[in-house]
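For this one, chain A is given, so just place chain B on it according to the hints.
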Amino acid sequence: MDSVTLKKLKEKFSDSIVDTHSFRGDETATVKKEKIVDICKFLRDDNELLYNFMMDITAVDYYGREPRFEVVYHLYSLKYNRRVRIKVPVPESDCTVDSIISVWIGADWFEREAYDLYGIIFKGHPNLKRILLYEGFEGHPLRKDYPVKGRQPLIGPKN
Amino acid sequence: MPSNTANTDPRFGEDRMLTETVVLTRLDKAIGWARKYSIFPYPFATACCAMEYMSLSMSPYDIDRFGALLPRFSPRQADLLMVIGTVNHKLAPVLKRVYEQMAEPKWVMAFGACAASGGFYDNYATVQGIDTLIPVDVYVPGCPPRPEMVIDGLLKLQQKVAKEKWSDWPRGEAPVTQNQNLKIKI
Numbered sequence: 000m001d002s003v004t005l006k007k008l009k010e011k012f013s014d015s016i017v018d019t020h021s022f023r024g025d026e027t028a029t030v031k032k033e034k035i036v037d038i039c040k041f042l043r044d045d046n047e048l049l050y051n052f053m054m055d056i057t058a059v060d061y062y063g064r065e066p067r068f069e070v071v072y073h074l075y076s077l078k079y080n081r082r083v084r085i086k087v088p089v090p091e092s093d094c095t096v097d098s099i100i101s102v103w104i105g106a107d108w109f110e111r112e113a114y115d116l117y118g119i120i121f122k123g124h125p126n127l128k129r130i131l132l133y134e135g136f137e138g139h140p141l142r143k144d145y146p147v148k149g150r151q152p153l154i155g156p157k158n
Numbered sequence: 000m001p002s003n004t005a006n007t008d009p010r011f012g013e014d015r016m017l018t019e020t021v022v023l024t025r026l027d028k029a030i031g032w033a034r035k036y037s038i039f040p041y042p043f044a045t046a047c048c049a050m051e052y053m054s055l056s057m058s059p060y061d062i063d064r065f066g067a068l069l070p071r072f073s074p075r076q077a078d079l080l081m082v083i084g085t086v087n088h089k090l091a092p093v094l095k096r097v098y099e100q101m102a103e104p105k106w107v108m109a110f111g112a113c114a115a116s117g118g119f120y121d122n123y124a125t126v127q128g129i130d131t132l133i134p135v136d137v138y139v140p141g142c143p144p145r146p147e148m149v150i151d152g153l154l155k156l157q158q159k160v161a162k163e164k165w166s167d168w169p170r171g172e173a174p175v176t177q178n179q180n181l182k183i184k185i
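First to last, the protein sequences are chains A and B.
Everything in the first sequence is counted per numbering that gives the first Met the number 0, starting at 0 for the first residue and increasing by one.
Everything in the second sequence is counted per numbering that gives the first Met the number 0, starting at 0 for the first residue and increasing by one.
For reference, chain A alone in the conformation it holds in the complex (with noise of 0.2 angstroms):
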């Protein structure tokens, strides 16, 4: 059974959700990575809804599988105490998803993180750029086709 933030999704966004689960309560849409700020504004400011807190943003690389990555959100609405799980599938090919910073400015680190580790582009993130790893670092490490034994040069002091 939906409960009210699936139930209105559905409604208001029919064409662009592509699944929808929900388990115990631990709720997951899988959105099309077009309508994803139109989704998020959506689902901060409706009053029935008003998930305020955006807690997690990250990605899964399910290699072999087209498509290839997925963004995964995770939203908290403070007022009705409910989660919920936005899932945006992203290929390969065009490993691009638009930045949600207009929405909860709190996504800055996160997408930065995902754009590291992954590789995953964020479209208008205003400082999309390395956050964990150095500058000169080749390659994403967390995608399943980076080698395991991977290693790259080390790097000396910079004057």
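Just so you know, the hints here were simulated from the structure itself, not pulled from any lab data.
There may be inaccurate statements among the hints.
Just the calculated beta-carbon pair ranges, DEER-fashion [unchecked claim]:
no., chain 1, residue 1, chain 2, residue 2, range
1, B, R25, A, Y133, 22 to 32 angstroms
2, B, A161, A, V59, 50 to 60 angstroms
3, A, Y133, B, F72, 45 to 55 angstroms
4, B, R170, A, D144, 39 to 49 angstroms
Within a straight-line C-alpha distance of at most 20 angstroms, the following computed SDA-like cross-link-like pairs (lysine to any residue) qualify [claimed, not checked]:
no., chain 1, residue 1, chain 2, residue 2
5, B, K159, B, E147
6, B, K89, A, R150
7, A, K148, B, N87
8, B, K89, A, L141
9, A, K148, B, Q127
10, A, K148, B, T131
11, B, K89, A, L116
12, A, K86, A, R23
13, A, K148, B, E147
These numbers were taken from a predicted model, which means no experiment stands behind them.
From the three backbone atoms N, C-alpha and C, an ideal C-beta is built for every residue, glycine too.
What follows is chain B alone, placed relative to chain A:
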């Protein structure tokens, strides 16, 4: 019985003054002896091994007994660089800079498995042993090492310091372990 038998021994006679006031030794030996009991460590603490360093410096183990307690948090005042914990690639230039800022004579202790070899962090982010960056004098294994082991390492370092000669310093270009075969094409 008198504490100094030379005082009463008639064979020494006029040389009595000499035996009480003069010690003959080699200068490098005397300086080595002085250096080994006044090692000021710089704790380059990055990870959980630093907890063991705290235990080491507190009274139950008390490395002040060996003259190595006083931590100097400026590398310019330190003699011993204790690298305590994991060093990743992003930190590598910082460690190298700290080592280069220390005045000679200087020594390095790799404290714990991570500093000595990378430990179990065999991955893209971790330096596989700090001897790929700077020369290391003493390795203390363990995850983390027991304070007794660190004291053992410190005593080994003291033996090494005592044996050093003038010609050992300055060291010049650092002899660093080459680790070329770890580089795999991305």
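Checked hints:
Distance hint for R25/B and Y133/A: a CB-CB separation of about 48 angstroms, inconsistent with the stated range 22 to 32 angstroms. Judged by the Cβ atoms, the range 50 to 60 angstroms given for A161/B and V59/A holds: they are separated by roughly 58 angstroms. Under the hint 45 to 55 angstroms, the C-beta atoms of Y133/A and F72/B, about 25 angstroms apart, miss the expected range. Distance hint check for R170/B and D144/A: the Cβ-Cβ separation is about 43 angstroms, which falls inside the suggested range of 39 to 49 angstroms.
Proposed proximity of K159/B and E147/B is supported: the alpha carbons are some 18 angstroms apart, at most 20 angstroms. The suggested pairing of K89/B with R150/A holds, with an alpha-carbon distance near 13 angstroms, which does not exceed 20 angstroms. For the suggested pair K148/A and N87/B, the alpha carbons sit about 15 angstroms apart, so the restraint of at most 20 angstroms is met. Distance restraint check for K89/B and L141/A: the Cα-Cα separation of roughly 17 angstroms lies within the 20 angstroms cut-off, and the hinted pair is therefore satisfied.
Under the criterion of a C-alpha separation no larger than 20 angstroms, the hint pairing K148/A with Q127/B is consistent with the structure, at around 12 angstroms. At roughly 17 angstroms between alpha-carbon atoms, K148/A and T131/B fall within 20 angstroms of each other, so this suggested pair holds. With a CA separation close to 15 angstroms, the supplied pair K89/B and L116/A stays within the 20 angstroms bound. Among the hinted pairs, K86/A with R23/A is consistent with the structure: their alpha-carbon atoms are about 18 angstroms apart, no more than 20 angstroms.
Restraint check for K148/A and E147/B: the C-alpha separation of about 35 angstroms exceeds 20 angstroms, so the hint is violated.
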